[in-house]
Amino acid sequence: MERRKFIKTSILLAGSAVLGSAHLFGKSTTFPSVVLIKNGKPAEMVRKALDMLGGISQFISKNDIVLLKPNISWDRAPEYAATSNPELMSEVIRLCYQAGAKNVIVLDNTCNEARRCYKNSTLEETAQKAGADVRFVRDNHFSDTPIPNGTALKSWPIHNAVFEANKIINMPILKHHGMSKVTIGFKNMMGLAGGNRGRLHLSFSQKIVDLNRVIVPQLTIVDAIRILKENGPQGGNLEDVIKMDTIIAGTDRVLVDAWSAKIFGLDPNKIEYLRIAHEAGMGEMDTDKFKPTQFVFKS
Amino acid sequence: MKKITSKTWRKTSQIFFFLLFFLTVLQATYPFEPWLPPELFLWFDPLVALAVQIAGRFFAPVFLLSLVFILFPMIFGRAFCGWICPLGTVIDATDRLISPKKIGDFRKVRPIKTFLLVIFLMLALFGVQYSWAMDPLPILWRSVGVFVLSFGFLIVDMILNGFVSVGVFPNVVMDIQDSLSGYLFPVDMPNFENLVIPVLLFFTILGLSRIGRRFWCRTLCPLGALQGIISKIGLFCRKVDSEKCTACGLCRKKCKMDAIEPDFIKTEKSECVMCLSCKGVCPTNAISFGFDSPKKMQTSVDLSKRSFIGAGATALVGAGLFAMSKPDPNRTSEAIRPPGAVAESEFLKRCIRCEECVRICATSGKCLQMSLLETGMMGIWTPVAKFRSGHCEFNCNLCGQICPTKAIQPLELKEKQEIRMGTAIFIKDRCIPYRLNDNCIVCEEHCPVSPKAIQVDEKEIFDPISGQKRIVRLPYIDPELCIGCGICEEKCPLEGKAGICVVREGEERVPV
Numbered sequence: 001m002e003r004r005k006f007i008k009t010s011i012l013l014a015g016s017a018v019l020g021s022a023h024l025f026g027k028s029t030t031f032p033s034v035v036l037i038k039n040g041k042p043a044e045m046v047r048k049a050l051d052m053l054g055g056i057s058q059f060i061s062k063n064d065i066v067l068l069k070p071n072i073s074w075d076r077a078p079e080y081a082a083t084s085n086p087e088l089m090s091e092v093i094r095l096c097y098q099a100g101a102k103n104v105i106v107l108d109n110t111c112n113e114a115r116r117c118y119k120n121s122t123l124e125e126t127a128q129k130a131g132a133d134v135r136f137v138r139d140n141h142f143s144d145t146p147i148p149n150g151t152a153l154k155s156w157p158i159h160n161a162v163f164e165a166n167k168i169i170n171m172p173i174l175k176h177h178g179m180s181k182v183t184i185g186f187k188n189m190m191g192l193a194g195g196n197r198g199r200l201h202l203s204f205s206q207k208i209v210d211l212n213r214v215i216v217p218q219l220t221i222v223d224a225i226r227i228l229k230e231n232g233p234q235g236g237n238l239e240d241v242i243k244m245d246t247i248i249a250g251t252d253r254v255l256v257d258a259w260s261a262k263i264f265g266l267d268p269n270k271i272e273y274l275r276i277a278h279e280a281g282m283g284e285m286d287t288d289k290f291k292p293t294q295f296v297f298k299s
Numbered sequence: 300m301k302k303i304t305s306k307t308w309r310k311t312s313q314i315f316f317f318l319l320f321f322l323t324v325l326q327a328t329y330p331f332e333p334w335l336p337p338e339l340f341l342w343f344d345p346l347v348a349l350a351v352q353i354a355g356r357f358f359a360p361v362f363l364l365s366l367v368f369i370l371f372p373m374i375f376g377r378a379f380c381g382w383i384c385p386l387g388t389v390i391d392a393t394d395r396l397i398s399p400k401k402i403g404d405f406r407k408v409r410p411i412k413t414f415l416l417v418i419f420l421m422l423a424l425f426g427v428q429y430s431w432a433m434d435p436l437p438i439l440w441r442s443v444g445v446f447v448l449s450f451g452f453l454i455v456d457m458i459l460n461g462f463v464s465v466g467v468f469p470n471v472v473m474d475i476q477d478s479l480s481g482y483l484f485p486v487d488m489p490n491f492e493n494l495v496i497p498v499l500l501f502f503t504i505l506g507l508s509r510i511g512r513r514f515w516c517r518t519l520c521p522l523g524a525l526q527g528i529i530s531k532i533g534l535f536c537r538k539v540d541s542e543k544c545t546a547c548g549l550c551r552k553k554c555k556m557d558a559i560e561p562d563f564i565k566t567e568k569s570e571c572v573m574c575l576s577c578k579g580v581c582p583t584n585a586i587s588f589g590f591d592s593p594k595k596m597q598t599s600v601d602l603s604k605r606s607f608i609g610a611g612a613t614a615l616v617g618a619g620l621f622a623m624s625k626p627d628p629n630r631t632s633e634a635i636r637p638p639g640a641v642a643e644s645e646f647l648k649r650c651i652r653c654e655e656c657v658r659i660c661a662t663s664g665k666c667l668q669m670s671l672l673e674t675g676m677m678g679i680w681t682p683v684a685k686f687r688s689g690h691c692e693f694n695c696n697l698c699g700q701i702c703p704t705k706a707i708q709p710l711e712l713k714e715k716q717e718i719r720m721g722t723a724i725f726i727k728d729r730c731i732p733y734r735l736n737d738n739c740i741v742c743e744e745h746c747p748v749s750p751k752a753i754q755v756d757e758k759e760i761f762d763p764i765s766g767q768k769r770i771v772r773l774p775y776i777d778p779e780l781c782i783g784c785g786i787c788e789e790k791c792p793l794e795g796k797a798g799i800c801v802v803r804e805g806e807e808r809v810p811v
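Sequences listed follow chains D and U, in order. For the first sequence, the tail end lands on 299 under the numbering used here, and the numbers increase by one without skipping. For the second sequence, the tail end lands on 811 under the numbering used here, and the numbers increase by one without skipping.
Just so you know, not all the hints are guaranteed correct.
[What the hints assert, rightly or not] Here are some, though not all, of the chain U residues that point toward chain D, as calculated from beta-carbon distances under 10 Å:
(1) 447
(2) 663
(3) 664
(4) 665
(5) 690
(6) 753
(7) 755
Source of the hints: derived by calculation from the structure; they are not laboratory data. Cβ coordinates follow ideal geometry from the N, Cα and C atoms, glycine included.
Taking the hints into account, I'd like the entire structure generated from these sequences.
Following this line, the structure appears as structure tokens:
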């Protein structure tokens, strides 16, 4: 989307958010770049979010190969909010197939042993039930990929599914992280990187932005249904988990992360990678200027 | 229709028990949902039961199972060796390829196995359990569980990866790989240190048959010796109708155990494994097996009194040597035992080096490795956690669930998560934030305990390299919270030696 057009729509949509209804625009062809849904069940919230963003058909066409990237990094049960919400993910998979997707690939390069993470996060089972192509990540699945315009990284091993798929949906969970204060969409893409990933932690913000130059999701859906406030990203204590029943979704991945950070209780301006990404022209980060279209379910 | 011969029955039994053994080994993998206990054959092994319980001075009811193979030879002689022992079956299978046709005369060296048995049992009396070195069932367990299966995985994975890389149905092949991962193998090729010597030993055992068939079973196997000694009072045995016998010698030529005396009539009870081959080959049907064989037809191989005393003396010297050569604390301070391990001296008395824990760990956190000399001469091939190759998975307690001798005690997951394998320490000359004044904290990110045992202290630091002041997050460890799981050491992004490592300090052992 061109910037001018984007700003224009964003302002219009911000206005609509104030009025409390996205429906004022009727069949308008422009849609919000970020939406915020609250107080619903995971599946109905994500359906609503996609409706407001123009429907799944805005993103997925017939015969698309979709790479869906949840967070399956840790060997934790879903309640611990260390991994993405399974219901949310399975609904997105279902919608992708409904829109005619040929294949929906689900994978993550895990931190704990892969089978444990896939099993105990329950994401493997739910994704398979929804018909997704769940894959384990192996060393030979990565290709060293040049990063044009990369400042800290000139190339890095990236999972081949990124290039096999023609659409990427990023489905991170919102949680605490010692390095970047919070981990959201940009950081979630590290799960598609190979090599010595620990090395990415040096000049972290710069490198995480560089990775996102070559891995470009068309849609980011942030799971803030349960968020992990402390001891992230591993978690392990239910007392650190807060139920928010919120999802933030959108096409502007910087703005989505900025709004998620704000909801998490942080000032987006103090998050270095957002500033770098914004300066690199990857999206907006001014949460005062660009407000999400909201929808709150009545309980 | 062809008549089912006794040979067919024997082979069926051998194949059945080998497959059973193989299935028990396959069970030892994450997710651990066994329908056959992987320890099954080891529980039935009387040599394991005797050596471990005598050396450790304890009694474990599960080892009552091994009474089966104390009682069994009282009736059927060494039929265990001929019909059941899975290592015997493997030896029989390779013998067909490599053994000379001639039986060869090795009668003089046959008592060696009894000599070895006496040494191992005497050592156990002196508190040293070393029978694992030659007990066939632990040998086969570690050879199949750690080597054969992983080697198979390596080959299969290489072929499948080849298909993926040249683009032959890559998605189908990846599906196959993933479903294999779900059952038999981990996702990544496991890494095993110090596997060379045990594997060489395994092939040596098979290769010994180049000298003569079942050479290992005839001359070296201490479990065979134990079966042989009890067989002396065995009821079921070979008998020959001397009127029908034409002394053609076919039976003696056929006997792989060389258990038939030169007169073709007498049988060495302690050697005969009841394979019934002689019966099948006899042209006059003079040979039969039954419960009513005349005593005079049986002899046995005995250990002379002098050899017996010699074995005792050897064991005493051996035990003394072990007692005198305490391992170097500099080296052992970094050898980390699995969570739930009993006190070190007890651990060494119990561990039979079946490597079940190492195998199951290879399908989970991948930290357990066979040691070499890290824990001293006595500790060869015992499991130690090597955190650079893997970590102890926070939610995994499988090594303790699977240990056949409870050298690693079974712990509830909650207990295991609180038990300390050691304590992590920073090596500040290597650690990136301390050395390069740059942020890293990968270790903090991975720390699984909550609150984290690795915390960060933000400090403004002057960086002499760039000449600037910087805010650096310096990690530190709260030793009260650290359980020594080693994930920090594994994930440290430094090449080679990590900037953080787990040492034995503060380790907790479980009482027996």
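Consistency of the hints with the structure:
no., hint, in the structure
1, 447, "violated, 22 Å"
2, 663, "holds, 6 Å"
3, 664, "holds, 6 Å"
4, 665, "holds, 7 Å"
5, 690, "holds, 8 Å"
6, 753, "holds, 9 Å"
7, 755, "holds, 6 Å"
Of the numbered hints listed earlier, the single one contradicted by the structure is hint 1.
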